[in-house]
Structures are given as C-alpha cells and as structure tokens.
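**Q** Single-letter residue listing:
Number of protein chains: 2
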Amino acid sequence: MLTYQEALSVILENTKILGKEKVFLNDALNRVLAEDIVADRDNPPADNSGMDGFAVRYEDIVGASQTNPAVLKIFGESKAGDIPPVLEKGYAIPIYTGALIPQGADTVIQKEFTKVEDGKVYIYKELKKGSNIRPKAGDYKKGDVLIKSGKTLRPPEIGILSSVNKPTVYVYQKPRVAIITTGDEILDLAEPITKESQIRTSNTYSLYAQVLQVGAYPTVIGFAKDNPEDIREKLKYAKNFDIVLTTGGVSVGEYDLVKDFVKEVLNVNIHFWKVAIKPGKPLVFGTWGEDNSKLFFGIPGNPVASMVVFEVFVKPALSKMMGYEKIHSLTVDAILTQDFSRKSADRLEFIRVNVEYKNGNFYATPFGKQGSNILTGMVNANGLGIVEVGVESLKKDDKIRVVLFDTEFLYG
Amino acid sequence: MLTYQEALSVILENTKILGKEKVFLNDALNRVLAEDIVADRDNPPADNSGMDGFAVRYEDIVGASQTNPAVLKIFGESKAGDIPPVLEKGYAIPIYTGALIPQGADTVIQKEFTKVEDGKVYIYKELKKGSNIRPKAGDYKKGDVLIKSGKTLRPPEIGILSSVNKPTVYVYQKPRVAIITTGDEILDLAEPITKESQIRTSNTYSLYAQVLQVGAYPTVIGFAKDNPEDIREKLKYAKNFDIVLTTGGVSVGEYDLVKDFVKEVLNVNIHFWKVAIKPGKPLVFGTWGEDNSKLFFGIPGNPVASMVVFEVFVKPALSKMMGYEKIHSLTVDAILTQDFSRKSADRLEFIRVNVEYKNGNFYATPFGKQGSNILTGMVNANGLGIVEVGVESLKKDDKIRVVLFDTEFLYG
Chain A
1 MLTYQEALSV ILENTKILGK EKVFLNDALN RVLAEDIVAD RDNPPADNSG
51 MDGFAVRYED IVGASQTNPA VLKIFGESKA GDIPPVLEKG YAIPIYTGAL
101 IPQGADTVIQ KEFTKVEDGK VYIYKELKKG SNIRPKAGDY KKGDVLIKSG
151 KTLRPPEIGI LSSVNKPTVY VYQKPRVAII TTGDEILDLA EPITKESQIR
201 TSNTYSLYAQ VLQVGAYPTV IGFAKDNPED IREKLKYAKN FDIVLTTGGV
251 SVGEYDLVKD FVKEVLNVNI HFWKVAIKPG KPLVFGTWGE DNSKLFFGIP
301 GNPVASMVVF EVFVKPALSK MMGYEKIHSL TVDAILTQDF SRKSADRLEF
351 IRVNVEYKNG NFYATPFGKQ GSNILTGMVN ANGLGIVEVG VESLKKDDKI
401 RVVLFDTEFL YG
Chain B
1 MLTYQEALSV ILENTKILGK EKVFLNDALN RVLAEDIVAD RDNPPADNSG
51 MDGFAVRYED IVGASQTNPA VLKIFGESKA GDIPPVLEKG YAIPIYTGAL
101 IPQGADTVIQ KEFTKVEDGK VYIYKELKKG SNIRPKAGDY KKGDVLIKSG
151 KTLRPPEIGI LSSVNKPTVY VYQKPRVAII TTGDEILDLA EPITKESQIR
201 TSNTYSLYAQ VLQVGAYPTV IGFAKDNPED IREKLKYAKN FDIVLTTGGV
251 SVGEYDLVKD FVKEVLNVNI HFWKVAIKPG KPLVFGTWGE DNSKLFFGIP
301 GNPVASMVVF EVFVKPALSK MMGYEKIHSL TVDAILTQDF SRKSADRLEF
351 IRVNVEYKNG NFYATPFGKQ GSNILTGMVN ANGLGIVEVG VESLKKDDKI
401 RVVLFDTEFL YG
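Each protein sequence line maps, in turn, to chains A and B.
Here the UniProt record's numbering is used: the first residue of the first sequence is 1, the next is one more, and so on.
Here the UniProt record's numbering is used: the first residue of the second sequence is 1, the next is one more, and so on.
With a straight-line Cα cutoff of 27 Å, these simulated DSSO-like cross-link-like pairs (lysine-lysine) come out: (1) K225/A / K79/B; (2) K358/A / K148/B; (3) K259/B / K111/A; (4) K141/A / K195/B; (5) K141/B / K195/A; (6) K278/A / K111/B; (7) K225/A / K111/B; (8) K142/A / K195/B; (9) K343/B / K125/A; (10) K136/A / K281/B; (11) K278/B / K136/A; (12) K111/B / K259/A; (13) K281/A / K79/B; (14) K225/A / K281/A; (15) K151/B / K315/A; (16) K115/A / K278/B; (17) K358/B / K320/A; (18) K278/A / K343/A; (19) K239/A / K315/A; (20) K111/A / K278/B; (21) K358/B / K151/A; (22) K281/B / K128/A; (23) K195/A / K142/B; (24) K259/A / K79/B; (25) K73/B / K111/B; (26) K79/A / K195/B; (27) K16/A / K148/A; (28) K136/A / K343/B; (29) K315/B / K239/B; (30) K129/B / K343/A; (31) K326/B / K315/A; (32) K151/B / K358/A; (33) K259/B / K79/A.
Treat the hints as calculated values from the structure; they're not laboratory data.
Quantities reported herein were computed from a predicted structural model and do not represent experimental measurements.
Just chain A, with the same shape it has in the complex:
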C-alpha cells in the first residue's frame, strides 16, 4: 500500500497545468497571472508634486527662515490634470499633490511653511533643491516588467493592471470538476426518507464547497444508485470535465463497482487504490482522456474521510492545474494540549484538532470523537494533526505537525 507521500507524488506527477484564458479585470482576483505585465508608460509620467504648496525656483528661497522669509509673487496654478504655466524668477505657482511641476520650477514648498498675503507668498524655510518633487519614472519606466507571470492576482496587482491599461488579462484556466455521488442509501436534499437506513448526503455539497473554495468550477452531476445503468449514465455526463470525483463505492466489496465502470465508460487508467492513511484508506486515483491529462478520484463515502482526502490530495492537484505556486495548505508545528493514543499504528492518521495561536506558539487540541463518520467533529476543527506510521501515542506538550484547513483563528 502506498504511503501518504508516495500517493501525493503519484498524483502531482500526473497533474498538468491547464491552458490560458483571458478574463476581465473584475474576474481576475485570486487567479494566477499567465503573462508578464509590462509598463505602458513611465510612472509618474512626468515630474509631479508630492505635497500641496508652492512650486518655486530653489535660487529664490535660498536663506529663507522664520525671521527672514523669502517673498514671491503668486502666479497661475498647477492642479492635477492641468498643464501649468512656466515659472519665472521671483514668482511662485500654487500647486497640489499629484500636479505637474511647472517648467522653470525645481522645488515645492509645502503649505505649512508659507503664508499668503496680498498676492504674495511668504516662505519661512529653505528646503533642499528638488524637495517634494516626485520624479518622472521614479516608480517604474515604460517597458519594465511590473508583475511576472505566475503571480496570484491580489488587489495591489489588480490596481497595477488597471494603471497599465489592461482591462483583460491572461490567467490560467480553472478546472471543471464533476461530482458523482454513489450509494443506494444516499438521498439528495428534500428527498423523502422512507427507510431508517437512508442517509441524507453531506459529501455531495461539502465537496462542492471545497472545490469552490479552491477556486475551481464544481458541478453536481447527480446521484447514481448502485446499479450498472445508473452509474454508466452519470459517468457519461462527466465526459467533458477535467476532473471526476465520485463519492462512495470504493471500500472492500464495493471497489469493483467504481473501478470497472470508470474503466469502461471513461477509459480511466487506475494508478492506485488504497493509501496507508486514516481516514481515507480506500482512495482510488486514476488518469484519463487525451494524454491522460484528466484526473479521477474515487473518494471514500465517509464524510470525514471525504473532507480529509480532498484537503490533502485533491486540493493540491486542483491548485497545481490552476497554476498556483503554493499548492498545499499551511502546515505548522503545534504543541499538543493533551495525550493522544491509538490502537493500531500501521497507518498515518489525520486527527481533527482545534488549533489556537498564543504567545507565538500554535497549540493543537484533539477532539474526543475521531470516527470517520462523525461530521460534527469537523465544526470546531480547523486542522488535521498528523500522527505518523509507527507512533502509537503522543503526550501532552509533544510537537505535532498540523495541516490547517481554516486560518480564521489567526484573525483578530
């Protein structure tokens, strides 16, 4: 049986980045840039003022002080967006932040060092030549690469794209993910319960939400009962997708159901079945389609196993397809707040924990109920503590590696 790391390697080696597409800027947030962004002009495009005040010639203010102010005649104005008049010797031009430096001026005196009276400005301080002038191209030059391909587009990058006149931009495509729920006993929302053995789905929509959260496009294909015709039909509907996720139908005795039909209908090449992890052991992974560039994940039906498998295997694959450099959730070393023990140490176990950050340390508290069917144990969990193969017990204050699937606790 593959280890966690071996399984992850097989998946990522078989995962290819998708093609590019053009999106409008208002749809570009959190997408991965697929072109270099080049400056279309110098920035600032011309020398401009960093302050509200007066544009002057330095020679006219040399020696100015509180007791011996320079006195200059006020002339014209330079407002943002205007072309100002030329500055002659003995004059000062009122100027605003961002406005062009008038020809002839070489220094800007901020308002607080001046007084205006009778059409004249009194300047009470000598500033260095060039003060308060933001020079042409001081930020960047036309032709400079401002953002490199591969960068995740956050608000600052969106601002830069706008400033260089890019209403549309190349980004990497998002995969389309088909979700097929199997199992005779699983009901969709609002379907009437007729037998106490029936279970209302949770995985269908928790997987939908997990796909959304990564930034890909989820589609619920539907609920396939455990009969050949229904499974064939639902798999056919998934043929045009980049990734197919099935939930259920992979544990001992069920495995053949999913395996045989994905081979028959989608021509899936199965890379592995079973990983030495808990929960999530019966995971199936395969590739299909042209160049085997499409992925298949047969996800176990237990609700917690489903979430864990998505978090540690499917999410990194989706993130890689979309061009992200950082494809794994934040993993930290935390201090265990209580003892933990288990009966069998033959698999790597992901235990649900609640992580807190106090005085520069992460603390992890495991939950009592760790069954893979216990969904409510996830409500207060924000991390998956990793108990390695061969480790039967951990003590309070031991270190434990934790995959954080929710970082809200870090916010104030």
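Given the structure of chain A, go ahead and fit chain B onto it with the hints provided.
**A** The following block gives chain B in isolation, referenced to the frame of chain A:
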C-alpha cells in the same frame, strides 16, 4: 487629529450588522450563519456497521481463535440502504460499512479475521461484544443544535447543513458598496491619454477587488470630474447603496469638494477628517441614511494610501456588517530584518513589508521605496508594519507589529 485606534473605534461604533437573507447552499460558502442549525433526526439514524465483514451474535464467537475458529452458516446480506433479515443463532450475515445491524446481531467481525468456504464463515478471533458497531445517535440526537448562529460557513458546515436537509439557509446580508472616482486627471481603462499629466486609474479597480475579497458587492458608479454637476450626479447614483467610497478629493484644498457635496446630496454626517497615520492621513468618515446606518469613506487618492485605508478601516467595517466575528486581518509580531528610520515621528506609519515564516518566527523586510504613490512596492508586500507615534527608528532584530493582508506565504 484622531489616532489610528480612535478613528477605528469611531468607525466600528457607527457600523451596524445588516439584516438576514436566505441563500441556497451552493451560495452559502464563507457567509455568516444567521440561525441555529438543529438536527432533523438522530445520526446515525440506526445502529450500523463500521466495517465490511460479518454481523454475528457475540455468544456464537466466544473463544474463537486462530487454531479454534468459530464456524457459522452464511445467511442473507446487509448492504447500505437495505433492511437486513433477522439473525438467528449459529448464522452470520455478510455486512458492509454503513449498513444496518441486523436484528439479533450485536457484533461485527471485520473481513480480515474470517475465511469463507462452502457457505460457511470461519471466524479466527473473539472480538468484544459490540465491536465495529456505530450506535444510533452516536454523533448527535434529533433536536441537538449542531451549528450556532454566527459561525462562518466552511465546507464542513455546508456538509452538515446538507445532512440535516437544509437546501436554503439564513445568513447575514452583504453590503452593496458604491465606488466613485474623483479627479480631472484620472482616466478609466482604455480612455485615450491626451496630456502627460493624465493618470490611468488604479484605485477604482483595486478597491473593487478589495471589496470583492472581503465578500461584499462592489459597484463602480463611475468617474466624477472635479466639477459640481458631475460630482452631484455620481453621488445621486449611489443613494441606494449601503456604503459609498470616494477616491481622491480629500487632501488640503480638495477636501471641501467632497465634504460639501456628500453633505448636500447624501446628507452625510461627517464624523472625522484626518487621522494621524501615514499614508492615509486625509481619510474622511461619515454616516448617512435612515438611522445613520449607511457609511461614507472619503479615501485619499494615492494608490498605497487607498489600499492601506481600506485594509485597516473599511475592511473591518464591512466584515462587521456581514456578521463576522473576526473582523481584523491577522496581526503578528515579526522580527525586523534591517534598520528602519524616518524623519518625522508624529504619525503612526504603515510601512510595506515582506513577511516570511521561518523556524516558528515571522520576519519582516521593509521595502526601499515607501512613497504613498509607489504602487509597485505593494507587489512583493504581504504586510503592513506598524511604526508607532514617537518612534523615529527601529533596529534590525527589533520586534514590529505587522498587519498581514495576504497569508499566501504561509502555504506550502
């Protein structure tokens, strides 16, 4: 002039949580729950098997061992979703994970401790009575509150909502945010540049992206030139919104433009103008509308100031309106990697830094260019280091508080 903390307090005291609305489950991710979620039935709804194997009577397997197996006749089957037959003494019923425990059975033997031959199953191990049975209501009981109002809906909570048959759910509303860009010199995307003094907007769309990222609804009302008719018109278009953001028109000499018109058109009650921070000093904040429940932010035109002001003032207000408990970005104590000094220490300064997390510590590296017009300095930044009032310089290895506006660096 108000301090950073005073200004933030004024804003948050004047910010009210919005009303509730019903959304479909596929739109509920990352929204804040506005009702308690109650279990509609026990979970599991009945005793069921935690393993693939055989349902047996404990009394029939007492003393079973490798050398002395218990031998039981195989009868019927219990699959997930089926109602199994009654188990008689001396028989074993094949059972699958999740399937109902047959009446008469009290223990499940997993497949690996058995061998099947000639319609009989050989059981090589005595398990404890009740082994591998997941008891009815072991996760929760009908009527239990599973998720409390106020919780942010992540994939686990979406899964639980589905499992208790909630296709729609009450969440807190998202504010609608109007963005109005002012300034004669500011051009929209694709508008031809006719003077070198003209600037292509960055704030319009970086603010749009920031509003989107918080989870609210941004709308670009348009670009108002600095003339009364245009400003009045654009403000009128914003009357139905919950929040109005203007960009530009608030620094000395421009302030009256925005202030007078928002008073006239929207009847805004101005709470403050100017905060002792850098960048972002000329921020204006006001309330308006019925019960003064709507907000107005006059955001400075400098691109970096605009982003900083949004991050530290507007974002917490929007988050509070949407019902989030955690409304501030993650703030950490980081170790400064180089010296920092400044000329004037009369304001709290937010310096752009790049933060890394190594060996359990956060390290902050400030950028060389810190001008509030230098947008490219934001591309490699992920945090805002806080230099307090009165602090003129910091040394390498000093601690600095950092507001993290991007946590991607924490991912693997």
